[in-house]
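Chain A is fixed; fit chain B onto it per the hints.
Just so you know, the sequences run in chain order A and B. For the first sequence, this note's numbering gives the first residue as 1, with consecutive numbering after it. For the second sequence, this note's numbering gives the first residue as 1, with consecutive numbering after it.
Among the clues, some could well be false.
[Stated by the list, open to error] Listed below are the simulated DMTMM-like cross-link pairs for lysine to aspartate or glutamate, each with C-alpha atoms no more than 20 Å apart in a straight line:
1) A:K74 - A:D126
2) A:K52 - A:D126
3) B:K81 - A:D182
4) A:K155 - B:D121
5) B:K81 - B:D121
6) A:K203 - A:D48
Derived by calculation from the structure, the hints in this document are not laboratory data.
The lines below spell out each chain.
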Amino acid sequence: METTASRKRFLAAAGGSVTLALAACGSSKQQPTPGGSNPNTGAGLGTDQFGKGDIGVLGYALTLEYLEADFYAKALASGKLSGQAAAFARSFHADELQHIATLEAAIRGIGGQPPKRPKTQFQLTDQTSILQVASTLEGMGADAYLAQVARFESKSLLSTALTIHTVEGRHAAAINSLAGADIAPDGAFPRPALASDVLEQLKVFVTQ
Amino acid sequence: MTDLRHVHVGGLTRAAFLVRGTLAAAALYGADAASGFVARAFAQTAASDIDVLNFLLGLETVQAALYSAALSNAKLTGGLKSLATELSSHDQQHAAALSQAITQSGGSPAAGPKPSFTFSDAGGFLTAAQSVEDTVVSGYNGAITTLQSPDLVAAAGSIAQADARHAAAIRLQHSQPPAPLAFDAAVSQQQAQAALRSVK
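Next comes chain B alone, as it looks inside the complex:
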């Protein structure tokens, strides 16, 4: 049976393994190995995966519009304003990474949906944001299984986790349970798009 105390890493001592890996990462990517991981994976995009990435880009477009409307119209203050600013920044980074991957592999980033949110206060924003974030998580979970490239599965998975963290943070602000289900949903592109169209 497995004993967790006696795990070895490919014949290297753990220290040597970590040092070697860290030095190599620093040499190639400077301090920012995280975006290096995602950028490197997205650089492997195959033509067959472009449509799925365009769908994911559409999800990020909706989120970007959501936070843009929130920061302009919802009269946010304090912690909630800071949170919306942070999440807006993350989603813009997601959209940029997806857009770049699509372009690099010979595709064209789709214009995507142009949602218009009608909320005008924090409560309205939180209601819309909770629906959007939960839907985006389930959209990623459904779409990732349709990707051909394992590298893309990991990169899109990273964004899915970020969006799940966003969903939990928004839900807490909304006095809702952060993880309402033991298993998040996984929905089709059509289901996710229909759900997002109904959010105002």
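Just chain A, with the same shape it has in the complex:
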């Protein structure tokens, strides 16, 4: 099985290269989706199913937050966490709930409806496996936000997303530190994760 870090690098390398594919072949076969895609990251691919423009980006971000919040709730309920792992899970769960409330209000504020909450399933065998899932979700979450920040039409929504993005980065580093992994697996420059890749990766945690 691949490590989280290598898997992440692989996905990020592929995700970061959509424009490169365009640049390399000089064609426009893979058009960015409507709603404002950043040509640098190909970030638009995958979010339009949640709505157009800012509504789609927010709906996508909210879906990630639903998954993270569900994960921490189930991890805490499992009784398998103790010490700092339990403390992190409680604290980060509370953060994700605040992100959810803010994103739901933001979507309604621009005339959209929050997406359906996914039904989730996680490997909660022991503290080690829980930390592994946490590392995947938080690392992917941070890089997913990073891929979207350039797409906001609203400066105010951009600001909100940025202040969530760095908190997800903090969560990812803290979980990795506890799990004995690198706090910055991408080094000095974290890589954006394409929405379509993130959603594909998350299928393993979604039952319907």
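The following block gives chain B in isolation, referenced to the frame of chain A:
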């Protein structure tokens, strides 16, 4: 309603999509697609964004001075010394990328602040580092919204995330909560600079 299990990527199968993207990245940038992403974005710098990049460069200058002082004066050992070395390297890479972007777009990298840190042990270093890293994160979050170019938003966002990871790691070493707030602050250039001047 959206079903996460049925997401398609622009008419390509996922495998074809990944292979095509990976090959193209390798062809253009060799193995190092990450710095390629940031370098490519920074190469698009518009003149109107140079001032903001100079502010961000100033933040990195303070961090570079912090870790330089830590490695010289704070008598660090073991894991903390390794961490300071890693973060120092990251911040030097950030400063180099910002500096290059400013020069390439016809600007001049500003000399920036010259902080002098007075700590002489690990505890003093961690107190200073926590203030610096938290302030830098909120400085990036404020400044990014003032950038004109979407490409720069993504590149500066990447550095902001790296610095947020640094802040969390420093806080853990300092026995402090790694993410004390559900939303990080976003502050003005003046607020960030004033906060950094007060760190010793």
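Check your understanding: Honestly, which of those hints from before does the structure not fit?
Key -> Numbers 2 and 4 - these are the hints that the structure violates, sorted from lowest upward.
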